[in-house]
Amino acid sequence: MAPNDEHPDKSERGSAVSRRAFLKTAGVSSLAASVVGVEVGAQPAGPPMVGPGETAVHLMVNGKRVDLQIEPRVTLLNALRNHADITGNKRGCDRGACGACTMIVDGRAVYSCSTLAIEVQGKQVRTVDGLAVGNKLHPVQQAFYDHDALMCGFCTPGFIMASVALLEKHPTPTPTQLRKGLDGNICRCGTFKRIREAVASVKGVPHV
Amino acid sequence: MGMPASSRRSFLRVTALGGTGVLLALHFDPPDSMLAQEVRRPIAPFPAAMPPSAFISVAVDGTVTIMAKNPEMGQGIRTSLPMIIADELDVDWKDVTVVQAALDEGRYGPQRSGGSTSTPTNWDPLRRVGAAGRAMFVAAAAETWGVPAGELTTASGTVRHPATNRTATYGSLAAKVATLAAPPLATVTLKDPKDYRIIGTSTRGVDLHGVVTGTTVFSIDMTVPGMVWAVYQKCPVFMGKAVSANLEQIKAMPGVRDAFILEGTRNLGGLHGGVAIVADSYWQAATARKALKVVWDEGEAAQESSAGFDRRAAELLQLPATLVVRNDGDADKAFQSAATVLEGRYAFPFLSHAQMEPTNCLAHFKDGTLELWTPGQAPGQGRSEIAELLGIPEASIRVHLMKGGGCFGRRLDNDFALEAAAIARRVDAPVKLMWTREDDMGHDHYRAANVHHLKAGLDASGQPVAWKHQFVSFGDGRQFGRAAGVPVPLMPGGFVADYNMSASVIASGVPLGSLRAPGLNGISFVNQCFLDELAHSAGKDPIDYRLACLRARRIRSSNPNDPEVDAERTIAVLEAVAERSGWRSGKALAAGVGRGVALLESHGWVATVAEVRVDKDRAIHVNKIWTVLDQGSQVINPRAAVNMVEGGIIEAMSHMGWEITIANGRAVQTNFHQYQPVRMPQAPAEIDVHFLRSNHTPWGLGEPMLPPVLPAIANAVFAATGQRIRTLPLSKSGFRFA
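Residue numbers (the numbering used here), protein chains in the order written: chain A, 2 to 209; chain B, 6 to 743.
Simulated from the structure, these hints should not be mistaken for laboratory data. Heads up, some of the hints might be wrong.
Said to hold, decoys possible - Here are a few chain A residues that face chain B, going by a calculated C-beta distance under 8 Å:
{"#": "1", "residue": "Cys94"}
{"#": "2", "residue": "Asp95"}
{"#": "3", "residue": "Arg96"}
{"#": "4", "residue": "Cys99"}
{"#": "5", "residue": "Gln125"}
{"#": "6", "residue": "Val129"}
{"#": "7", "residue": "Asp149"}
{"#": "8", "residue": "Met152"}
{"#": "9", "residue": "Cys153"}
{"#": "10", "residue": "Cys156"}
{"#": "11", "residue": "Pro158"}
{"#": "12", "residue": "Gly191"}
{"#": "13", "residue": "Lys194"}
{"#": "14", "residue": "Val209"}
Stated by the list, open to error - Label pairs and their in silico Cβ distance ranges:
{"#": "15", "chain 1": "A", "residue 1": "His59", "chain 2": "B", "residue 2": "Pro230", "range": "25 to 35 Å"}
{"#": "16", "chain 1": "A", "residue 1": "Gln125", "chain 2": "B", "residue 2": "His214", "range": "17 to 27 Å"}
{"#": "17", "chain 1": "A", "residue 1": "Glu198", "chain 2": "B", "residue 2": "Arg271", "range": "46 to 56 Å"}
Claimed, not checked - Stretch-level coverage of chain B by chain A, calculated; a stretch enters the list once three of its residues show a Cβ under 8 Å from a Cβ in chain A:
{"#": "18", "stretch": "88-100"}
{"#": "19", "stretch": "359-365"}
{"#": "20", "stretch": "385-391"}
{"#": "21", "stretch": "681-694"}
Positions of the beta carbon are idealized from the N, C-alpha and C atoms, including for glycine.
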């Protein structure tokens, strides 16, 4: 609880990059700058230079193709919320500290506020908006519903996506796995007890 | 409390809905004295001619639509207030559609969510609205069938005449109802509580499905066609002003439509000066902001710091206080005959609200009128402030109430709405103002820091007979700033003949405001921990010690306006929590485990027991919290109420870990990484919530559970370790939550 205290063990969140670690040392803007600054000549084997102006970015979101014309340093969260009108996941802190923006990219929970849209081209992006099949809620959505596991609900989409990623990896998580798997998400209304009960009650999430 | 309908000139309007149904509307006078305590200016009077309006509409097909009148931000009022109407109307909840009302206090009465007032102030009027609606459907059926109304019954939106076995749905009677005069609300017959079918039944929140599917529109999600985006850079130093900025360079950046300086007003609750950037997309506005260079006039507040405040507070505690909160008898003299005298100094810091949803507001100014979409908790007051700022009549401002992602008192202030309105006036399009998390944490209306010095004289039996409590808070130097004083009586005031509570006020530029349980969330920690010190010193059980204090002879205040602690309700919750927690079982606790107790005796009647285990490295595990609340005669939506209490307990733990420090006139902490709320691993393993029924108006649940949690945990830590926590955050006392 001390200021600046980094939360322990993010391994359960399964991010491609250690999110906390990179934020600690670099910050979102420096990561963005490194993408913008790639020089084609200096790194012939690397990606072609894009930006700093707008460029075509093609994403697969909830199984549908989303074509965007955005700057390469636009975050996944911003690209979906403000350029594709996919607003289920929320912006809370813009520095990977609150988890409201949690999405699943190729099976791993990521903070979409700290992930560039251009980075996830060719990958499968899942958000809370695409979780239900028709009128049938995903088992995790149903559990949150059945347990009233929310109050204001602003953190809920992020908690649901973090829970889905957790359960796809550990279909019957231990209490410790559950607590650690969801400690990257903040619920300021304090509904942790019901979230714990909801996630622990979920059966039938396919192991991925 | 109660809210007698007769004193509110209540009446009901009936409007035909063009053959499709009927509208019923309640009108009553705002606000009562409790609401008035928290508003800075009176709510505008009702217009002489009120527009046609609706609380309830019943369509011919039987669909019932009920308006949710107050701002919703997670407290569940969008569900629980319509439940009250629906039960008295006698319809099935499954047939009810809830619609969020826009701001129209002439139609709906006060539309303000704060101070835990939504339930107690609406309980009586909304039951009467529902009952009057039911009476009209009964009257319509009686007239149609030519039978006395007294022979008719209702259930599930249907009127029945048992003698002839005739039934008529409300939908089929809607056209007839539209021709009838509404009965006076004061005289309608209310249900016997034993007949409630919705009130008191756990009911899912109306937004639940939308939230889990991501379809619920929060304020931050709201867009309108043609909308542009704005960011607003305020001076990092509170109340500083922008002198100049590289506006031409900013205006040349991609997508930027305009950039300009706003002067700001001279009051902390008003428009703060800064630089607005308006762009086609949020990304472009935020990108341009990074290139913004501003010359600030930082003003006097730039010299302020937490270290300076601490020094000043220590000085002020050596001087006579300037404000008397309460004085009975002669405390100074009474100490001379006390058997024991104890002193303690306590402190707690500034806090920020840190609601999940970053502040935002949508505004469209066109042809001298403003349309506003706001997550504000006090939108009526916001409209009044905007009208004054823009110099337009309130009638020219239309306000939509947007669902907020948590507020905790932050949006009782309307500074963000003033910013959106002031920016929108300069822009030829609807404008969405977006704050960053850093804007929120750096430009909050903070819970005031305090330093308290307490001195108690005990008699030979250890009970307090003299009490002197002097503290330092913040404001303009003479009067307390907002929520920086003590709004309600605290024990042992009223139970000790010689009692004095007084304060001094540091003048500061730090904006102050209401954080959940304002005025109580800090001082309860101080008072309830010091009482624990006294009990320990007297060798008494902490619950028995408090009970003895509450059962002492009542001392009437010399000031007849001083409210008094309700000892009866407080004793009841304290006895109940002792029982539920097995406090007196005498069962030995493991090494490193301790229990503490605390209570809230005003503006809510709550007793809380905490059990903690403290590691050798001073990491605190909260094993279990028991809490008992006297919520009056009825809990409207029990499952939601329990959720609210559990959440408030966890928020209280965050209050123990948090600190906003001030340096060079600005907040040091910028985002969650420096201001960590309690997360899943720290949340208590178990929470036991119990509501006591009493013969009082149902009480609100925004606040009461919170204040006693801090001292209950701190007292438990003492029981476990022998270490007193007198200063918050916990880190200042060497502790943390594990």
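*Any of the earlier hints contradicted here, and which numbers?*
5, 14, 18, 20
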